[in-house]
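Each protein sequence line maps, in turn, to chains A and B. Under the working numbering, the final residue of the first sequence carries the number 413; numbering is consecutive throughout. Under the working numbering, the final residue of the second sequence carries the number 413; numbering is consecutive throughout.
Hints listed in this document are in silico derivations from the structure and should not be mistaken for laboratory results. Incorrect hints may have been included.
The list treats identical chains as interchangeable, and a pair is accepted whether it falls inside one copy or across any two copies.
Claimed, not checked - With a Cα cut of at most 30 Å, we get these calculated DSS-like pairs of lysine-lysine:
no.	residue 1	residue 2
1	K346	K38
2	K6	K184
3	K97	K67
Quick caveat, the model's predicted, so the values are computed rather than measured.
In case you want the letters, here they are:
2 protein chains.
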Amino acid sequence: MRLTKPEEESELLAALTRAQAKSPFWRDRFAALGLRPGDFVPGFPFEQLPLLSKSELLADQAEHGPLGRLLAVPPEEIRRIHKTSGTSARPLFIALTQRDIADTYVSATRAFKAAGMGPGDRVAHCLNFNMWSGGVSDYLPIEAVGATGIPFGVGNTSLLLETIRSLGVNAISSTPSYMYTLRDRCRAELGLDPAELGLKRGYFGGEGLLQVPGVRAGIERDFGLVAIDANYGMSEVLSIIAGEDAARDGLVYHAWGIVYAELVDPSGRPLPIEAGATGELVFSSLRREGQPLFRYRTNDLAEILWAETADDGLLRMRYRIIGRSDEMLVLRGVNFFPQALQSVIPAFEPALSRFYRVVRPKDGDCGALEVLFETDLPDGAERDHLAASIAAKVAATFQVRIEVHWLPMGRIPREANKARYLVRSADEI
Amino acid sequence: MRLTKPEEESELLAALTRAQAKSPFWRDRFAALGLRPGDFVPGFPFEQLPLLSKSELLADQAEHGPLGRLLAVPPEEIRRIHKTSGTSARPLFIALTQRDIADTYVSATRAFKAAGMGPGDRVAHCLNFNMWSGGVSDYLPIEAVGATGIPFGVGNTSLLLETIRSLGVNAISSTPSYMYTLRDRCRAELGLDPAELGLKRGYFGGEGLLQVPGVRAGIERDFGLVAIDANYGMSEVLSIIAGEDAARDGLVYHAWGIVYAELVDPSGRPLPIEAGATGELVFSSLRREGQPLFRYRTNDLAEILWAETADDGLLRMRYRIIGRSDEMLVLRGVNFFPQALQSVIPAFEPALSRFYRVVRPKDGDCGALEVLFETDLPDGAERDHLAASIAAKVAATFQVRIEVHWLPMGRIPREANKARYLVRSADEI
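Chain A extracted, bound-state conformation (with noise of 0.2 Å):
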């Protein structure tokens, strides 16, 4: 277990106090424990605290709506309101204050600037302004690097292109998967090779998939720009927590002092923060007046690749993302993560398309796996050829037999914020 330290816990126990009188939800689920006011005090077993999960957070606001009863604050002291960005089926609205506005700025301008972001880059940011924390509250920190920033948004590739041209656009902010779509464009729009339109470097984020093997490679030979993982968050924690530095060795933390972390297993029981520990990161906040978390869970699954306690007596770590446990399936035994998948592309394209969905399977311990990818080959034995192709380098790869089934080119929905890549049902395209 990671020992909390004095620095931190003092913290800690100001931000529990805090939320045992201002949130409802927090003194109703206190008292439930047999918690009373004044018990956060030196030594408070914090580790010992249940869990909390997001599906808590979307039922609160179902019954308890808009803001639900977690809001710590009167509901005129919010200043912005956002949501998450809907993977699942329900946002859930995220409300800030003044000061945890402040706060989203504080670290994600600590991540662009480790990321190399700074005056001379020219950033068009492309990340969904409509009520994403992707969009403005992401925007501003590259003009607070001493960058320009470019507000663009999403939806309007054509001009984009034009756009970094006319301006001479020499960097990106987006998703990754925003890049396959820029990159077919310019080809088909411009007869212009991707490397041409003259980005310097990608600083992405909303999604873990530079993490797959080959894709960031990829970006980075189609565009001819360096690309950095630069924007690991998520809304209802922070909308920036780490992102890469100029050694790209894993994610930087940069919410000390705002954000708490913890690492568990698979049952919930706090780990180590060490290098080579492996588990599931837990967040406290420290600050948040809108909405206070505890021992949040992310389902994000990361390996702690370095880890030390600074002088000011917060943590300062270096990890990186493996998965996502709520996506993860475990095969005859073996993990696998459907967004792995991207790592086998690159040998099949043009014919096959970056975009694809795995299907959950009903048994865990199924045969084959159902994947849905597309192209634009007809009925017939190059068609049967390529799925056999892709099987052999999937079982090759991972160890594990898939069912190709084809669907035509550009029929899987183009995410604007980040990509999907496991349904319950074929249906669900």
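Following the hints, put chain B in place on chain A, whose structure we already have.
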């Protein structure tokens, strides 16, 4: 002529001197006028400088792109790039330094406060974030006045309706035109009277539509809200320059200390700014660092309702926009503004949509003005009768003869930013 007050004169002379030193565009332009460094001293006949038009800025960016020789700072000092919303063919890029950005918030915050926005308002900001200054630059002042901001953008009306209802949104910031879309979709998708959405205040901008007789009353009646013309401005000068206050008696000028205002007659001669004066508004930068403008023609024709010099030596005024000089048609000696036709539409709804285009006559003195309206009525007697009724009403209201042409409902593009009313030919649609 409005006499420059000493307090404004010193700011203006400093701005001219800076521009001469730092902007190649102004250095050359001043040199061509025989003006040398050191010429901008008290008593300088500012009102004799030639007027500047948008086409000159567009030509500068086309020839010396992307930001033109107008730029008065090194490119790396630019923090944000907007573009004009593009009713003209080519967008103009607007480059803002940190101070320029801060100035947009100062004036916008004055405007939103005067419009009554503040704590308790939960404002969905439904202007396009895609580089337009109506996006991020106009969004942040909503938070600055203490309201709750919802950065929504445009393009997802169904989600907006759902969000208004689930979040209890009680105010909207959008173009007036967008309210027609929202009204129709609310009825069609939710089967709900728009007045039941719960919107109490509408803060409108981006276009002068509220000035058209009947438009404000129609929006207020349909939605049961108070409609405020909260946002008069143009990115190249200042995103928000003026807006209505609670009296809703014209636009209150909020750019004092940031922008210097003049009024000119059709030949460009200065007019006194005093109650009853009408002319074109002309603006100059007192503080703009990125792209300083002097004697910039807005093409907006204004009537001054009230004006005085405050204790700080700076102009305060109220005015109303009576039309755009570049959209004004002179028909047999009668001035006619295409957007004025909005006022006759409600009498013919729902057979007629809110969208139409006036075809600019090749000969200004044409017999009848060609107007394209949308309807779902089939070719036949009923439609002919509708056309005759519209023409009769327009003739009675404006002393203008029109020839009605028909387009199917939905044929005219719905604009995300601001409505257009004038085209060169029917083919332009």
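30 Å Cα threshold - placement of K67 relative to K97: both (26 Å within a copy, 26 Å between copies)
Homomeric proximity label, K346 with K38: Cα distance no greater than 30 Å: within (23 Å within a copy, 63 Å between copies)
K6 and K184: within-copy, between-copy, both or neither at 30 Å Cα: between (47 Å within a copy, 29 Å between copies)
Violated hints are absent here; each numbered hint is respected by the structure.
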